Amino acid sequence: MTGAEILIDALKKEGVDVMFGYPGGVVIPIFDVLNRTREIRFILTRHEQGATHAADGYARATGKVGVCLVTSGPGATNTVTGIANAQLDSIPIVVISGQVRSPVIGTDAFQEADVVGLTRSICKHNYLVQNIEELPRIIKEAFHIASTGRPGPVSLDIPADIINASLKNYMYPKTVDLVGYKPTLKGNARQIERLAHAIANAKRPLLYTGGGIISSNASPELVKFINKTNIPVVITLMGLGSVPADHQLFLGMPGMHGRVAANYALMQCDLLVAVGTRFDDRVTGNLQTFAKQAIVAHVDIDPAEISKNVKTDIPVVGDAKNVLAELIQKVAARKPDEWNKTVNEWKTKHPLAYKQEKDGPIVPQYVIDRISHLMKDDAILVTDVGQHQMWSALFLRHRQPRSFLSSGGLGTMGFGLPAAMGAAMAFPKRQVIDISGDGSIQMNIQELATCAVNRIPVKIVVLNNGYLGMVRQWQQLFWKENYASTCLRQGPQCPPQCKGPGKKCKGVYWPDFVKVAEANGLLGLRAEKPSDVDKVLKQGFKTKGPVLMEFVVKSMENVYPMVPAGKSINEIITGDA
Amino acid sequence: MEDKHTIIITVANRVGVLARITGLLSARGYNIESIIAAPTENPDIYKVHLVVHGTDEKVEQVAKQLNKLVDTIKIQDISHKRNYIVREFILIKVNAGNARSEIFELVDVFRAKVVDVTKNHIIIDLSGPSHKIERFIELLRPYGIHEFVRSGKVAVSEN
Ligand SMILES: Cc1cc2nc3c(=O)[nH]c(=O)nc-3n(C[C@H](O)[C@H](O)[C@H](O)COP(=O)(O)OP(=O)(O)OC[C@H]3O[C@@H](n4cnc5c(N)ncnc54)[C@H](O)[C@@H]3O)c2cc1C
Ligand SMILES: Cc1ncc(C[n+]2csc(CCOP(=O)(O)OP(=O)(O)O)c2C)c(N)n1
Numbered sequence: 001m002t003g004a005e006i007l008i009d010a011l012k013k014e015g016v017d018v019m020f021g022y023p024g025g026v027v028i029p030i031f032d033v034l035n036r037t038r039e040i041r042f043i044l045t046r047h048e049q050g051a052t053h054a055a056d057g058y059a060r061a062t063g064k065v066g067v068c069l070v071t072s073g074p075g076a077t078n079t080v081t082g083i084a085n086a087q088l089d090s091i092p093i094v095v096i097s098g099q100v101r102s103p104v105i106g107t108d109a110f111q112e113a114d115v116v117g118l119t120r121s122i123c124k125h126n127y128l129v130q131n132i133e134e135l136p137r138i139i140k141e142a143f144h145i146a147s148t149g150r151p152g153p154v155s156l157d158i159p160a161d162i163i164n165a166s167l168k169n170y171m172y173p174k175t176v177d178l179v180g181y182k183p184t185l186k187g188n189a190r191q192i193e194r195l196a197h198a199i200a201n202a203k204r205p206l207l208y209t210g211g212g213i214i215s216s217n218a219s220p221e222l223v224k225f226i227n228k229t230n231i232p233v234v235i236t237l238m239g240l241g242s243v244p245a246d247h248q249l250f251l252g253m254p255g256m257h258g259r260v261a262a263n264y265a266l267m268q269c270d271l272l273v274a275v276g277t278r279f280d281d282r283v284t285g286n287l288q289t290f291a292k293q294a295i296v297a298h299v300d301i302d303p304a305e306i307s308k309n310v311k312t313d314i315p316v317v318g319d320a321k322n323v324l325a326e327l328i329q330k331v332a333a334r335k336p337d338e339w340n341k342t343v344n345e346w347k348t349k350h351p352l353a354y355k356q357e358k359d360g361p362i363v364p365q366y367v368i369d370r371i372s373h374l375m376k377d378d379a380i381l382v383t384d385v386g387q388h389q390m391w392s393a394l395f396l397r398h399r400q401p402r403s404f405l406s407s408g409g410l411g412t413m414g415f416g417l418p419a420a421m422g423a424a425m426a427f428p429k430r431q432v433i434d435i436s437g438d439g440s441i442q443m444n445i446q447e448l449a450t451c452a453v454n455r456i457p458v459k460i461v462v463l464n465n466g467y468l469g470m471v472r473q474w475q476q477l478f479w480k481e482n483y484a485s486t487c488l489r490q491g492p493q494c495p496p497q498c499k500g501p502g503k504k505c506k507g508v509y510w511p512d513f514v515k516v517a518e519a520n521g522l523l524g525l526r527a528e529k530p531s532d533v534d535k536v537l538k539q540g541f542k543t544k545g546p547v548l549m550e551f552v553v554k555s556m557e558n559v560y561p562m563v564p565a566g567k568s569i570n571e572i573i574t575g576d577a
Numbered sequence: 001m002e003d004k005h006t007i008i009i010t011v012a013n014r015v016g017v018l019a020r021i022t023g024l025l026s027a028r029g030y031n032i033e034s035i036i037a038a039p040t041e042n043p044d045i046y047k048v049h050l051v052v053h054g055t056d057e058k059v060e061q062v063a064k065q066l067n068k069l070v071d072t073i074k075i076q077d078i079s080h081k082r083n084y085i086v087r088e089f090i091l092i093k094v095n096a097g098n099a100r101s102e103i104f105e106l107v108d109v110f111r112a113k114v115v116d117v118t119k120n121h122i123i124i125d126l127s128g129p130s131h132k133i134e135r136f137i138e139l140l141r142p143y144g145i146h147e148f149v150r151s152g153k154v155a156v157s158e159n
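Listed in order, the protein sequences are those of chains H and G.
So for the first sequence, UniProt numbering puts the first residue at 1; every next one is plus one.
So for the second sequence, UniProt numbering puts the first residue at 1; every next one is plus one.
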């Protein structure tokens, strides 16, 4: 069998049913085999970055490894952002790239790029295949490493001569043998005992959970655990949906744009039980003051996360699902008490709110609120990066895990549309909605054609505020309203220190998103006043294929609550009315 | 407190493993004082000896990150351990001048070895614990050191 045939056979054995990517010279032999393979559907994206995010979205929605295939040189360099994005959010993808022939590696050959060098610091592991004999083993290892322990991206670079070489006795290995790689799954019994004990003694216990609950599919255990103990829970952007948003004990997302109750609880608790979360600076704010009164317990599969940012008193290295299941056995039931009362008061005192005036401009929160009411129960929501992302996190009523996909760690604008495509390919029967901003959507807008041609029925919502809103908000609050390069109308006609588009603004807005949608074969809809919102959403959701819905929203709306960077998380601008 | 830490990393002998280690250290902002990678009695296994500066907490964090590399089998920070024999090797070129006999005496005392003598200089080799090597350098300094090269530390446990 040739290298190309081995690769495709191995992918089938790994259960790959869809792949994303882009062809080029050195990988033609792989595409040649792929095109004769029934079991794997290949989606030609319009840019390799789109392919990586699509694989990533597929992985987030399913928990399986997402795969993409690209050519050498520019094909491979275009995947770099997507790989880094998957790395920071611990998402299992395998990125396969062709490489120039082995004998010419290192000679600046045509379309040569040092892929292992480029990706080394942004992936979980990478390979440059050296000979055909090791190809089967390496593919097996790549999938194993990507999907086990703390998941992450693996890059697999295969030189052209190996793609074309042949191997007589091909056998796809059943197991891997990696002496240096053995993730710890079962938590240390003594530490779990200590944790149970600490819970029994705590007066103000709090759970703080994140993406690790999603990746270990531990939602059922988490819900069971809080139901038994009545411990309130805060959930990071990456963990949203692991407990239904309307659960009594859910205090909301913590952090920079978190709920007031969630942040107050973090600052006041006397026991903080962190599970599958990494004390990111968007959550902790000023580390010197973060959760200072608390004994800190940390359950995480990655030993390097323990005490990385916040000193841990009770470390439990292991898989969240296993550890929670054991902990449920060990903890005593607890009744709601004073502490529950206190946190609930915070919750009612600082509700999430927005004001939509009947004749005013559409406010973005209103659109998201309406999406939440009109979407299907099992819809998958995908976001881009910016204000609309935070509003989506706050105002959507998250119902189940793996149904809110957002770029958290790298914060990659342009993630939304291709990731939504990946999710839609994984679940053709479910509604997939991409919520984007007018800045972000333009960063992978070429994938509209991919949706149309492949009939991928993504419902795209563009909240058009005319600005790179998240950055504009910072300029407004911390840079004296110097809206430098965040207005998407800014051109040669503008005065140097424009404070926002008043009556005198001569700027025009481009592009016309409805036309862009239509030019790409999508239905394009636009809403400009509040009374249009439901109409547009209903029509968009009812339409069979992909749709782009543009909502022209108030330009100067800000995301609140907000904790200024570097401040303690209780120094929060609540935005309460 | 910032301190020197000697770390031994046992790794699978795979392509690019040294680049992974140095890449990780530079990506996380650590300066490497010395690094040696060489084969061991087992051809599938290499040992990397690494000296870095940092507080105990910082070095512990970087050790954990190094341990996460798929090719890392084991990692030991031996800085605070007594049961290790640590050795370093130096080649040093000193001015011969008219103090030859004094230099030869020092060589004897330190059980170093003269490997080459020319009209202008003497080349000496010495291996031993780092503090011994440093003392040797200090004692030779007054005679005029042309150059020296040090190997960096290697270590083996006593048991
Ligand atoms: C503009 C912007 C604003 C943001 N604001 C906020 C904000 O206000 N609040 C907020 O929460 N986030 C915010 N984020 C996201 C933030 O940057 C981080 O991505 C996020 O907080 C990290 O989530 P996490 O701690 O759950 O960790 P993840 O990145 O999801 O990491 C998962 C953790 O779980 C562990 N793990 C993985 N698998 C398992 C397993 N099987 N068992 C046990 N452990 C496991 C991993 O080792 C890791 O420690 C924002 C992002 C952007 C772009
Ligand atoms: C690739 C990339 N470039 C730049 C940024 C910095 N950035 C973060 S949010 C943001 C503005 C996003 O604007 P838009 O998509 O219109 O969303 P809004 O904030 O207006 O909802 C920018 C530029 C980023 N996160 N990603």
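Possibly wrong hints are sitting among the right ones.
[As the list claims (entries may be wrong)] Computed footprint of chain H on chain G; a stretch qualifies when at least three of its residues, placed anywhere within it, have a C-beta under 8 Å from a C-beta of chain H:
hint, segment
1, 20-26
2, 67-81
[Unchecked claim] Short, incomplete list of chain H residues facing chain G, as computed with Cβ under 7 Å:
hint, residue
3, His125
4, Gly180
5, Lys182
6, Pro183
7, Ala304
What the hints contain is simulated information worked out from the structure, not anything from laboratory work.
What you are looking at is a predicted structure, and each value in this text was computed from that prediction instead of being measured.
Yeah, the Cβ is synthetic: ideal placement off N, Cα and C, and Gly gets one too.
Structure-based check of all given hints:
no., hint, result
1, 20-26, "holds (count 3)"
2, 67-81, "holds (count 7)"
3, His125, "5 Å, holds"
4, Gly180, "5 Å, holds"
5, Lys182, "10 Å, violated"
6, Pro183, "10 Å, violated"
7, Ala304, "4 Å, holds"
Hint check: violations occur at hints 5, 6; the rest are consistent with the structure.
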